[in-house]
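Asks: Protein chains in written order, with the numbering used here: chain L, 1 to 481; chain Y, 1 to 149; chain R, 1 to 504.
The hints are simulated quantities; they were obtained by calculation from the structure and are not laboratory data. Mixed in with the good hints there might be a few duds.
To be verified - Pairs of lysine to aspartate or glutamate residues, derived as EDC-like cross-links and limited to a Cα-Cα distance of at most 16 Å, are as follows:
(1) L/K32 <-> Y/E28
(2) L/K476 <-> L/E419
(3) L/K32 <-> Y/E104
(4) Y/K2 <-> R/D472
(5) R/K314 <-> R/D346
(6) L/K127 <-> L/D188
(7) R/K205 <-> R/D219
(8) Y/K2 <-> R/E390
(9) L/K29 <-> Y/D47
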Amino acid sequence: MKKIFYIIPLLVVAIALTMNSCSTSPLEKAIKQALVQQDTTQARFDSICAIIKAYPERYKTYLTDGGEVDVAALAELIESTGSNLRPPMHWDVTRYGLQQLSLTIYFERSGSMVPYDAPGGRGQLKKAVNDMINHFPATGNVAINIVNDGIYPYQGSIDQFLQDRNIYASTQGVGNAAFTDFQKIFNDILRVQTAGNVSVLVTDLIYSPADTRDVSVEKIFNEENSLATRIFRQYKGKSILVHQFMGDYQGKYYPYNNNPFNYTGQRPFYMLVIADSKVMDAMAADAAYAQLMSPAGVRNSYRFNQAEASVDYCVIPDWKDNAGRFRVDHHDATHLTKCEGDKTTGIICFSVAANLNGLQKPAAFLADASHYQLKSISGFTLKVQPIDHSMVTGNNRAYLEGKTHLLTLTGKLTEPRDEVTISLANEFPAWIEQSTAMSDTNPSQPGFATTTLGLKEFLGGIASAFGQGGNYTTIKLKLER
Amino acid sequence: MKQQHLIYLIAGIVVTVLFYIFRINAYESIYSVAGYSDQLYNLGLYDMIPLITIVVAWAMAAIYYFAINSVRFDRWYHWLVMLALTVMLAPIAGYMVNSSIFDENGLSYVAESLTFELVNMMWAALLFIVASFSMRWWSTNCRHTPIPQ
Amino acid sequence: MRLFLLAIGGTGSRVLKSLLMLSAAGVRPVDEDGHPVPNLEIVPVIIDPHKSNEDLKRTEALLTNYRSIRNRLYGNEVNVDGFFANRIVTLREIMSDSTIQLNDTFIFNLSAVEREKFRDFIGYDTMNEANQALTSLLFADYQLENRMNIGFVGSPNIGSVALNEIKDSDEFKALANVFNAGDRIFFISSIFGGTGAAGFPIMVKNLRQASNLDINNRDVLRRAPIGGITVLPYFNIEHNDDHRIDKADFIVKTQSALYYYKETLTGSNDSELNAIFYVGDQEVSKPYAYDPGEHGQRNRAHLVELVAAMAPLKFAGIADSRLTDQNGYPMPTMAFEFGLEKDVRDVDFLAFGSSTRHLIYEPLVRFHLLFLFLRTGLRGMIGQGFTEDEPKLKSDFLTSQFYRTLTDQFMRGYVEWLSEMYDNNRSVQLFNMGENDMSNAIHHVHTRKSLLGRKTVDNNTFKAEMNRLSRDAKYSTRTAEYKLLDLFNRAATTIVRDRYENIN
Numbered sequence: 001m002k003k004i005f006y007i008i009p010l011l012v013v014a015i016a017l018t019m020n021s022c023s024t025s026p027l028e029k030a031i032k033q034a035l036v037q038q039d040t041t042q043a044r045f046d047s048i049c050a051i052i053k054a055y056p057e058r059y060k061t062y063l064t065d066g067g068e069v070d071v072a073a074l075a076e077l078i079e080s081t082g083s084n085l086r087p088p089m090h091w092d093v094t095r096y097g098l099q100q101l102s103l104t105i106y107f108e109r110s111g112s113m114v115p116y117d118a119p120g121g122r123g124q125l126k127k128a129v130n131d132m133i134n135h136f137p138a139t140g141n142v143a144i145n146i147v148n149d150g151i152y153p154y155q156g157s158i159d160q161f162l163q164d165r166n167i168y169a170s171t172q173g174v175g176n177a178a179f180t181d182f183q184k185i186f187n188d189i190l191r192v193q194t195a196g197n198v199s200v201l202v203t204d205l206i207y208s209p210a211d212t213r214d215v216s217v218e219k220i221f222n223e224e225n226s227l228a229t230r231i232f233r234q235y236k237g238k239s240i241l242v243h244q245f246m247g248d249y250q251g252k253y254y255p256y257n258n259n260p261f262n263y264t265g266q267r268p269f270y271m272l273v274i275a276d277s278k279v280m281d282a283m284a285a286d287a288a289y290a291q292l293m294s295p296a297g298v299r300n301s302y303r304f305n306q307a308e309a310s311v312d313y314c315v316i317p318d319w320k321d322n323a324g325r326f327r328v329d330h331h332d333a334t335h336l337t338k339c340e341g342d343k344t345t346g347i348i349c350f351s352v353a354a355n356l357n358g359l360q361k362p363a364a365f366l367a368d369a370s371h372y373q374l375k376s377i378s379g380f381t382l383k384v385q386p387i388d389h390s391m392v393t394g395n396n397r398a399y400l401e402g403k404t405h406l407l408t409l410t411g412k413l414t415e416p417r418d419e420v421t422i423s424l425a426n427e428f429p430a431w432i433e434q435s436t437a438m439s440d441t442n443p444s445q446p447g448f449a450t451t452t453l454g455l456k457e458f459l460g461g462i463a464s465a466f467g468q469g470g471n472y473t474t475i476k477l478k479l480e481r
Numbered sequence: 001m002k003q004q005h006l007i008y009l010i011a012g013i014v015v016t017v018l019f020y021i022f023r024i025n026a027y028e029s030i031y032s033v034a035g036y037s038d039q040l041y042n043l044g045l046y047d048m049i050p051l052i053t054i055v056v057a058w059a060m061a062a063i064y065y066f067a068i069n070s071v072r073f074d075r076w077y078h079w080l081v082m083l084a085l086t087v088m089l090a091p092i093a094g095y096m097v098n099s100s101i102f103d104e105n106g107l108s109y110v111a112e113s114l115t116f117e118l119v120n121m122m123w124a125a126l127l128f129i130v131a132s133f134s135m136r137w138w139s140t141n142c143r144h145t146p147i148p149q
Numbered sequence: 001m002r003l004f005l006l007a008i009g010g011t012g013s014r015v016l017k018s019l020l021m022l023s024a025a026g027v028r029p030v031d032e033d034g035h036p037v038p039n040l041e042i043v044p045v046i047i048d049p050h051k052s053n054e055d056l057k058r059t060e061a062l063l064t065n066y067r068s069i070r071n072r073l074y075g076n077e078v079n080v081d082g083f084f085a086n087r088i089v090t091l092r093e094i095m096s097d098s099t100i101q102l103n104d105t106f107i108f109n110l111s112a113v114e115r116e117k118f119r120d121f122i123g124y125d126t127m128n129e130a131n132q133a134l135t136s137l138l139f140a141d142y143q144l145e146n147r148m149n150i151g152f153v154g155s156p157n158i159g160s161v162a163l164n165e166i167k168d169s170d171e172f173k174a175l176a177n178v179f180n181a182g183d184r185i186f187f188i189s190s191i192f193g194g195t196g197a198a199g200f201p202i203m204v205k206n207l208r209q210a211s212n213l214d215i216n217n218r219d220v221l222r223r224a225p226i227g228g229i230t231v232l233p234y235f236n237i238e239h240n241d242d243h244r245i246d247k248a249d250f251i252v253k254t255q256s257a258l259y260y261y262k263e264t265l266t267g268s269n270d271s272e273l274n275a276i277f278y279v280g281d282q283e284v285s286k287p288y289a290y291d292p293g294e295h296g297q298r299n300r301a302h303l304v305e306l307v308a309a310m311a312p313l314k315f316a317g318i319a320d321s322r323l324t325d326q327n328g329y330p331m332p333t334m335a336f337e338f339g340l341e342k343d344v345r346d347v348d349f350l351a352f353g354s355s356t357r358h359l360i361y362e363p364l365v366r367f368h369l370l371f372l373f374l375r376t377g378l379r380g381m382i383g384q385g386f387t388e389d390e391p392k393l394k395s396d397f398l399t400s401q402f403y404r405t406l407t408d409q410f411m412r413g414y415v416e417w418l419s420e421m422y423d424n425n426r427s428v429q430l431f432n433m434g435e436n437d438m439s440n441a442i443h444h445v446h447t448r449k450s451l452l453g454r455k456t457v458d459n460n461t462f463k464a465e466m467n468r469l470s471r472d473a474k475y476s477t478r479t480a481e482y483k484l485l486d487l488f489n490r491a492a493t494t495i496v497r498d499r500y501e502n503i504n
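Okay, chain L solo, but in the shape it has when bound (with noise of 0.2 Å):
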């Protein structure tokens, strides 16, 4: 009975189509590995370009004409790998194809610019461009202007500007140092600025026409205002990001009224950020760029023209702080299935881990549960709290590396179902509101060192140029009973 051995290929038949079904390229392996051990790092996504060149025939579809690895088709393949994950997983590499960036430094020589730098003073003007200059990755691809009435290049070497104890004095005569022309300066900026330039200006951010005597300053703030609209409204892909800072100051002010006088004390300063939307996303989530998007000694900060974004969130299934029951869906980590509130209290309390760093913003604000909004029907309190090193245990690495925050919920389910959101809301910084300064002709009037004179109207320009408002991010959450 030789008929017996049908059994084998058969067997051999099905168990080969059945391994078919679950067998991944090395590629997907790769990046399914990855993403499980967490290790969403540029190193791992180069050692996952190396597979794809090692079989370019089999992986020409991630490759360009060029032969480089094909970045956004590699997304591609990586968001729908993640999204098979439970929970699913993201993993942003579009950033790892950036070119290499230039950076651009705008270099304000104004009058009222001089006294930051005075000998007397610490010099933290200069200090926070070195910085920026020092710590930016390319330093071969750096370019200094200096810009009052126009933009004019720096003369001297890179190492030169960086030496000079005394850049207003090198400076001295070029330009016309009695105005600032924003409306000429952000437009040869953002004209010039190619696909891979970051553009630094380093400014008090006074707006100071060429001849201010007898306007009064509503008129200017006005004139400010829309002369801020007007020139970011032409470029509309951009993000910009103001950084202010606090710098000794020694010298003499000039006050829109055109009468200067000296002050020894504390002035704030600026440095604008300018880059593409996409290199600015980009540079927020390389630590290489951490000096440029959270300089040191910063103060406060606030990105313009900054798209809702879209962040990695999972409900933590296993928590210590959970209370009643629920059930986390096997292919949505944020739908919550058969939820109870506990036996005795009737609260069901869970736990959200989400990944907040791509949104920019100082930990104090991201930490602060006031700034949430939380809207659900059952009338849910949340409480937020950074995730540190040693509440990532083994068993729940898988939900909370990776995360930045914990994103408590408490409350009764009323319905058999709900819906959470919470929101981060994209709102006009009061630190803005209170950098303001409606007249600086007094240096004794209180709040003098810390404030702008128009910051408000000026920034607000931009803000209108870009439509503001909306938020950062939202995590959307379903409770089912």
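With chain L's structure known, arrange chains Y and R on it following the hints.
Replies: Same frame as chain L, now just chains Y and R:
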């Protein structure tokens, strides 16, 4: 080869393939626990463990019906011994794979793994029965084991 | 072809019994090319007025068992292979003429003679004096006083008179009626007893002179191929003062009978017989208890009977062309004798010549293994393996009529037959008596050597082989009984050839 027996074989293979296709549902409908089950899924253990179970069950059945195939071991209780061995072997193999892969990834779910292997044990038993009834007809000495037919 | 087997007297019954055993084992007559003779039906007719003869009773019981077993196995199929292959039927079974009333037995109804004393049978009292004087000269007084239903007690003179009457019986007419061209007749008789010695030539004469009889087919009958075996003296009678059957008489009677046969049956002038077989043994058997018949003649089976049983098979296999000439008349008589290859007192399979071994060795071994298997193996296998294939062998099979007939009756007869032959002189020991170990069952035949000692044969060997055969076979249209015996026969064929040393 009787047609009826061929139908049994094909049905057995179909059931096994279906089991493999719906393996995740098969396991999770019985035992699914937050965290552990997700890790099984992510680390590809839902591909591997059911495959091991299938291979063990079919291999043990094949060994019984074609390698042992002895008139001295053709009683239902001999078959039961093989079933017992299968429900031991498959979960042990599954557990070893499970724990080694979890170790690699720094995970530790001992209690969950053991419970999961209980479920696996049940499936192993079922698959062994399926495999038995798929192939027993061609065994010379054990084709009427465990249930004469 | 029908082979009418006329078994005369006690010897006839005993030879018939051996033939039954051979048939049960599956020994079939083969033609000169070695092919089984097709369409063979054996119609045994026992002619013995001694109805309480134990040998006759035992043989008749076995015949009945054989017939019911075979019916259950094969129904009316004629050409089959395996155990109980030869179809054995009664005269009544094949008779189409319903005007003749016959009992459905294998025994010739000698009602005319069996109730009477011989003197009454011949009408002694009504004879005139001269005839009475002549009769007294021919017959001793005790012979005249014999009740004939105990046989002719070693008196051919009586038998010859009584059996001459057979031609008038219903049975004889029935036989003549069903006899067709191509059928054959074979006589089994002893030359030295009473019934057979006299009956054989008389009956041959009656058949050859069928033209004088008022029956159909007489031409066919007259030209029928007729064979016969004449068993020469081989047994001894225990000494008894009141003896009527006398050993010393045997030799004398044999001599005169042979002379008579030469004159009337086999001689060149008057060859009535187509073939004559002689078998006897100078090595005399153990003495049989003297029993003139009253208590039932019951004698131990003997090698000579086993050999004699092969004669009708041989006869059935002889080509027609060697028996009759172109005109359908008998050719000159062929005579056959039998010899052992080794003249030993303990006869095993190796003592037989190779043609005999070819004929009987494998079937008998298979049958003996079947006997052991049924006794020790089958019961434990119910519910597993081949027993579960359709048609199933359930445990109630073991209590079925068939199974009981086969094991309790036929197999018992078989063992009896074996042990009687063993317990005789020459002692026939084909199998190791009382041995249940199949590996060691055949006397002086070992299993083959393998790497680890000798191969073993046990019930599981059969189970495995039968499982294998049963898996691939189709028995669904057959009875469970057929399946069991056919599977066993096929398994045994393989196992005997593969596992035992080849002595053929």
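Asks: Could you work out which earlier hints the structure fails to respect and list their numbers in ascending sequence?
Replies: 1, 5 and 6
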